[in-house]
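Please build the complete structure, drawing on both the sequences and the hints.
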Amino acid sequence: MIPMTSPPFAAGADRSTTRGWPVLLRLALRQDRVVAPVSIAVLVLMSVASAAATPGLYADEAARVHAASAINASPAIVALYGPVLDVTSVGELSMSKMTVLYAVFVAVLFIVLVRRHTRVEEESGRTELVGGTAVGRDAPLLATAAEVVLLAGVLGLLTAVGNALAGLEVVGSLAFGGVWAGTALVAAGIGAVAAQVSASARTCAAVAAGTVGLVFVLRAVGDTGPAWLSWTSPLGWNTQVRAYGDQRWWLLGCYPVLAVALLALAVALRARRDLGAGLVPARPGPATGSPRLADALALALRVHGTTLVLWTLGSAALGVLFGMIAPGIGDLLDSEVAQSVIDELGGALVAAILSIDAVALTYFAVTVVSHAGRDEQDGRAEVVLATATSRGRWFTASTVVALAGTAWLLVVTGIGLWVGYVAADGPGVGNLVVAALAWAPATWAVGALAVLSLAVRPRWTVLVWAWPGAFLVLALLGELLGLPSWLTGLSPYAHVPSVPAESWDWGSAAGLTAVAGAVLALAWSRFRVRDIG
Amino acid sequence: MIEVRNLVKTFGIFRALDGLDLTVQQGEVHGFLGPNGAGKSTTIRVLLGLLRADSGRVRLLGGDAWTDASALHRRLAYVPGDVSLWPNLSGGETVDLLIRMRGADPRASRRDELIERFALDPTKRGRAYSKGNRQKVALVAAFATDPELLILDEPTSGLDPLMEQVFNDCVGEHTARGATVLLSSHILSEVDRLADRVTIIREGRVVETGRISELRHLSRSRIVASLAGPAPGLAGTPGVHDLVVDGPQLSCTVDPEGLPVVLAALTAAGVTALTSTPPTLEELFLDAYRDRAGVRR
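Residue numbers (the numbering used here), protein chains in the order written: chain F, 1 to 533; chain B, 1001 to 1297.
Hints were generated in silico from the structure; no laboratory data involved.
Careful, some of the hints might be misleading.
[Unchecked claim] A few chain F positions that, by computed beta-carbon distances, are all more than 10 Å from chain B:
| id | residue |
| --- | --- |
| 1 | S69 |
| 2 | L85 |
| 3 | T232 |
| 4 | A423 |
| 5 | G489 |
[Unchecked claim] Label-pair ranges, simulated between beta-carbon atoms:
| id | chain 1 | residue 1 | chain 2 | residue 2 | range |
| --- | --- | --- | --- | --- | --- |
| 6 | F | P291 | B | T1123 | 15 to 23 Å |
| 7 | F | T306 | B | A1071 | 27 to 35 Å |
| 8 | B | G1178 | F | P281 | 42 to 50 Å |
[To be verified] Listed next, the in silico DMTMM-like pairs over lysine to aspartate or glutamate satisfying Cα-Cα at most 20 Å (straight line):
| id | chain 1 | residue 1 | chain 2 | residue 2 |
| --- | --- | --- | --- | --- |
| 9 | B | K1124 | F | E123 |
| 10 | B | K1131 | F | E128 |
| 11 | B | K1124 | B | D1082 |
| 12 | B | K1131 | B | E1164 |
Nothing here was measured: the structure is a model prediction, and the numbers come from that model.
Ideal Cβ positions, reconstructed from N, Cα and C, are used throughout, including at glycine.
The following block contains the structure:
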């Protein structure tokens, strides 16, 4: 606990509903003292590494312009990164991945922070504890908003300073820092609204993630088709600010306006509901259990069923979208020059999409594994293990749902890509499901590491969440900074052949699967004998 | 049914259980008492094979608590003190799941009757239940079948007095058919009412164990008497403590060996009214701790 020495409220203070928020702000900062600085440092580091390394990749301005034009010529890359509006701008090319795609990670971080200080606190009953003290009803939300503004400012400022020190122009770097800070504010607003909708913290995460996905897709479609759609998406603004070109400063003002509007909406929704409840009253459940709901595996499927359905729909939609955008790839792959340019940008197009998708889908495994960790901490695992359910069955249930679920989502993505590709009359459509499944062994290896973390210590949930992100950062930094291959090779994702640009490699698939198996065996040998709880 | 010998369990440098012994005989309700942090829940978790003992012998239902865990769990039911439910499963689903996971069939169990007796709404989702109602879900699942052994860890926390009565009835029904119950509790009156024998632990060690009636012999009775004549000179009599004389009223506490002398003296003084209260479990409890802490009067 933080030392609450100073009296938080004046005696006989008003009946303000925001009373006491400074105390809660300090509490929130205390709770986030590790997660927030580390995440912000990683984000800034990625931006700075991009800023420092990208100009060196190209011999002269002509090569840069050529690369930027290649990006713009490829709908799939534009869909992922957004276009390069000024092909002569060093800054825009350097920030091509950062402007939109990595801004999504900024959004995710701020949604996570908002969710954990609002709905998670409420679901756990801690908000009730706070509400029983002399703290106003809206104080938790206001304190969270204050924390978000503070952290978004720090993130924006550090990114601006870092990019400028790395050699990009100062004014543009300030605008770019503003773009990331703005993204953070809007994401926090989305998180605050999502937290009001349902009584469940998981539904809050799903609503917020779905909204960010929608915002991303609107921009992707707009950037590759009807341009006005990009203007409806805050992530589209990120490109349109033209941070390293002819800056549209007024557009930077739109982020805080939207964020304040979302916060006001959240406050209004908050006033319409009871503490602990959602906007929609919870439907009553069945009075008896299905006979199939009788073992640990059925329980894991029941608990994660809704999540799996949502992920399946999301994977299918994104697959179809990118499949439809991808044709043109074929033409591009035929051109040797374009091929080499694209390789520099991170591999062939479908492979590039899949490499991002695979990391994202690994997070399905991560949610399942971290949920098992929370089951253990909260005592639900204890109740199950006090029945005839053995440790082996409990352990296997979560592992199977996590790893098989990820493989299933990869198949769905592959089918979606194929459907979109065929619908858009793409040439030479091949084995996109196989291409997607090529990533399964790598996701299993990372998922197995998540399982191992919890098998060693149930409280290592943060570590579980860190694995896929850490490997993504390692891959990006390795590419930008030319890190030695033994270091980048630590990431399982680095060993996946870029199917369909490269051919399927049984050796790497078998090797990664063997690594996953070995890590799981190690995890089991520890979990089998350790204390529960 | 339960046999624990010289059980040691450490967490890092903290010695949670320090040579604990516990014997529970078939068909008895065994009260398991101790202050917070004494090691009651740790002992129960070792019994359930959730924690691994550092040393000592832990047997229940004729098997080894660690190696035979899942086979033994078919024959017992467990209710934790702080029940956490799956947020999106209804209470009814949770009850049926737990019954099925013990290898029994909920449709052939007393679940419906118990849901009614405990006034539980089985259609609510796990996250919507209050603490008491979460406790009821676990109790219904435990009482619905006929396990040989019930392990109850502070099972009535959060229940209202009416529901405590239903709980007491349920324990009675299960012991009537021959089940064994290990009842860990803070509520001494509950243990007093239900238990045949008790074990009191403190800092991971047993300080007192035996039948409640036997334990009472070890402690004093409180006597209040109204006298017709002058009060007898009881001060200094062996086994008499806390003597207060207030006109015709006399009160004191008496060790068992001092009772004959005191009663004879009171009779001689012309006693007109006499109450003698046996020690409550609270007093046993406090006595046991005072012994340890060395502050006994």
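Report task. Measure nothing beyond the straight line between the CA atoms of K1131 (chain B) and E1164 (chain B); if it is 20 Å or shorter, mark the hint as holding. Result -> holds, 14 Å
**Report entry** Nearest-CB test (10 Å) between chain B and G489 (chain F)
**Finding:** holds, 37 Å
Query raised in the report: Given a hinted range of 27 to 35 Å, is it respected by the beta-carbon distance of T306 (chain F) and A1071 (chain B)?
Result: Given range 27 to 35 Å: holds, Cβ gap about 34 Å.
Report task. Please test the hint of 42 to 50 Å on the beta carbon pair from G1178 (chain B) and P281 (chain F). Result -> The hint (42 to 50 Å, Cβ to Cβ) holds, given that G1178 (chain B) and P281 (chain F) are roughly 46 Å apart.
Query raised in the report: Between K1124 (chain B) and E123 (chain F), is the straight-line Cα distance small enough, at 20 Å or below?
Result: holds, 15 Å
Report task. Kindly confirm whether 15 to 23 Å is satisfied by the beta carbon distance between P291 (chain F) and T1123 (chain B). Result -> holds, 18 Å
Query raised in the report: Within a Cα-Cα threshold of 20 Å, do K1131 (chain B) and E128 (chain F) meet the stated pairing?
Result: holds, 14 Å
Query - Least C-beta distance from L85 (chain F) to chain B larger than 10 Å - result: holds, 46 Å
Query - A423 (chain F) non-interfacial with respect to chain B [C-beta, more than 10 Å] - result: holds, 36 Å
Report task. Take a quick look at S69 (chain F) and tell me if its Cβ sits farther than 10 Å from every Cβ on chain B, holds or violated. Result -> holds, 51 Å
Query raised in the report: Is the straight-line distance between the alpha-carbon of K1124 (chain B) and that of D1082 (chain B) 20 Å or less?
Result: OK: K1124 (chain B) and D1082 (chain B) at ~18 Å, within 20 Å.
Query raised in the report: Any Cβ of chain B at or closer than 10 Å to T232 (chain F), or is the non-interface label fine?
Result: Holds: least Cβ distance 33 Å, greater than 10 Å.
The structure fails none of the hints (numbered hints given earlier).
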